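Chain by chain, the residues run as shown.
2 protein chains.
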Amino acid sequence: MNKEGIHTVVVVDDHSLFARSLEKLINSFSNFRVLFHAKNGVELQDRINKGEKLPDIILLDINMPVMNGYETAEWIMENHPKIKILALSMEDDEQTILKMLRKGAKGYLLKDINPEILNTALKELMEKGFYHSEKVSETLLHSISPDEEGIIMNFKENELIFIQLACSEMTYKEIADVMGLSPKTIDGYRQDLFKRLKIKNRVGLVIFALKKNLIKI
Amino acid sequence: MNKEGIHTVVVVDDHSLFARSLEKLINSFSNFRVLFHAKNGVELQDRINKGEKLPDIILLDINMPVMNGYETAEWIMENHPKIKILALSMEDDEQTILKMLRKGAKGYLLKDINPEILNTALKELMEKGFYHSEKVSETLLHSISPDEEGIIMNFKENELIFIQLACSEMTYKEIADVMGLSPKTIDGYRQDLFKRLKIKNRVGLVIFALKKNLIKI
DNA sequence: TTTTTAAAGGGGTTTTTCCCTGTTTATTTG
DNA sequence: CAAATAAACAGGGAAAAACCCCTTTAAAAA
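Protein chains in written order, with this note's numbering: chain E, -9 to 207; chain F, -9 to 207.
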């Protein structure tokens, strides 16, 4: 906060149409000014390392091509932990929200909110130090315990490759071939994953992989 | 266009954060003014039917809860065909783009463009009557012929239900039960779809359904 | 050295996939 | 109108793939 009681904001979002519109909106709020905006984490690092003024708040998009929101949040927390991160995303799936909050975000906003909520979020962020919308609070309640999630989600390299290949039209025999393993080993991976993920068949695996963003279609 | 040579724009988008930011951005362009913005097609209908001034351009989001972009575009084309529709969307999948262009959109913009491109698009739309970004032009080239697509995509009611159920962990026997049909009939649906969609197995069907937005996860 | 883990095999059931046939009911057309 | 045609539904039979449980081996970790 500078001498006039104005809080400063930096927008990190590769959707520059959105970013610049957002900038105009935020500048229209009293007490908030946008310092600059960056297309991704790398650009943010560059500008901050080159001595650009540090903001009070960083509005951080999650889906960015070069250095995404998770990595960027990590870097911010390590190097400038005083900056408050407000995650911005289209996605409202639990996985994404939780991951971002664990990386140190002080708030999570869906991009489809109205301007008043953004203003509220920014104000609350400066006053209380955090902001959580109803949906996020709900998500936090529903969230499974981190260790249970760890058991489920800690996939070994080969398991991840198998999952991705299983989300194609290949037979297990073909998957075994391209992975250079015995079909019996592949069957072992399959069986182990079915048990851990509590799924009944390959379609369940595809759905799981999609929900957890293990594959893209 | 009014007497001062100013083109008018209406924004239809349920993401009011985005919509209002966009409004500020467009108003910052010379020659363009936003008349109002609506949260969805129904609100647009209401305001236009109540005698609100007709714009030159409607910026139309595709994903809206109440009356989506497709339906809204249809209504605009039927009732006010002089208005130029510029579709706005996060999605860049061919299906979505093509569908919107067929509904009469004069242009298609991804939301992750920069402000200059929006300005260019608006200007070109008024001058040439259409605007197509590189990605859209590319999509148009890749697009399959409408009739071939028709054969593929004209699903009968039962086929659609079957596809959706096949994208779950149910066995075909279970699907037959809930649909009140013989497993053999279900097998017929399956076989016919595999042939028409040129897919090899059930995973292929799941992937297809996801790509064509026949199911949501 | 004991335990754990990754890879692989044996052997079996169930489900999926495939092809071909037949019935019934609309729909089209000669 | 009657005959041909198309469609929705269903069955038989069989090979391939998926699914399941239990064991073994070799190497790595504890």
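Derived from the structure by calculation, the hints contain no laboratory data.
Only a predicted model underlies this, so the values are computations on that prediction, with no experimental measurement involved.
Yeah, the Cβ is synthetic: ideal placement off N, Cα and C, and Gly gets one too.
The reader is advised that the hints may include incorrect statements.
Sample of chain F residues at the chain E side, in silico, Cβ under 10 Å [unchecked claim]: (1) I(-4); (2) H(-3); (3) S6; (4) L78; (5) L108; (6) S158; (7) R192.
Now the hints, each set against the structure:
1. The interface hint given for I(-4) of chain F is violated, since its Cβ lies 19 Å from the closest Cβ of chain E, which is over the 10 Å cut-off.
2. Using the Cβ-Cβ criterion of 10 Å, the hint placing H(-3) of chain F at the interface with chain E is not satisfied: the shortest such distance is roughly 18 Å.
3. A distance limit of 10 Å between C-beta atoms decides the matter here; for S6 of chain F the minimum to chain E is near 4 Å, and the interface restraint holds.
4. Satisfaction of the interface hint for L78 of chain F is found here, the shortest Cβ-Cβ separation to chain E being roughly 9 Å, below the 10 Å cut-off.
5. With a least beta-carbon distance of about 6 Å to chain E, the hint placing L108 of chain F at the interface is held under the 10 Å criterion.
6. Annotation: interface hint on S158 of chain F holds; nearest CB of chain E at approximately 7 Å, less than 10 Å.
7. The beta carbon of R192 of chain F comes within 6 Å of a beta carbon in chain E, closer than 10 Å, and the hint placing it at the interface holds.
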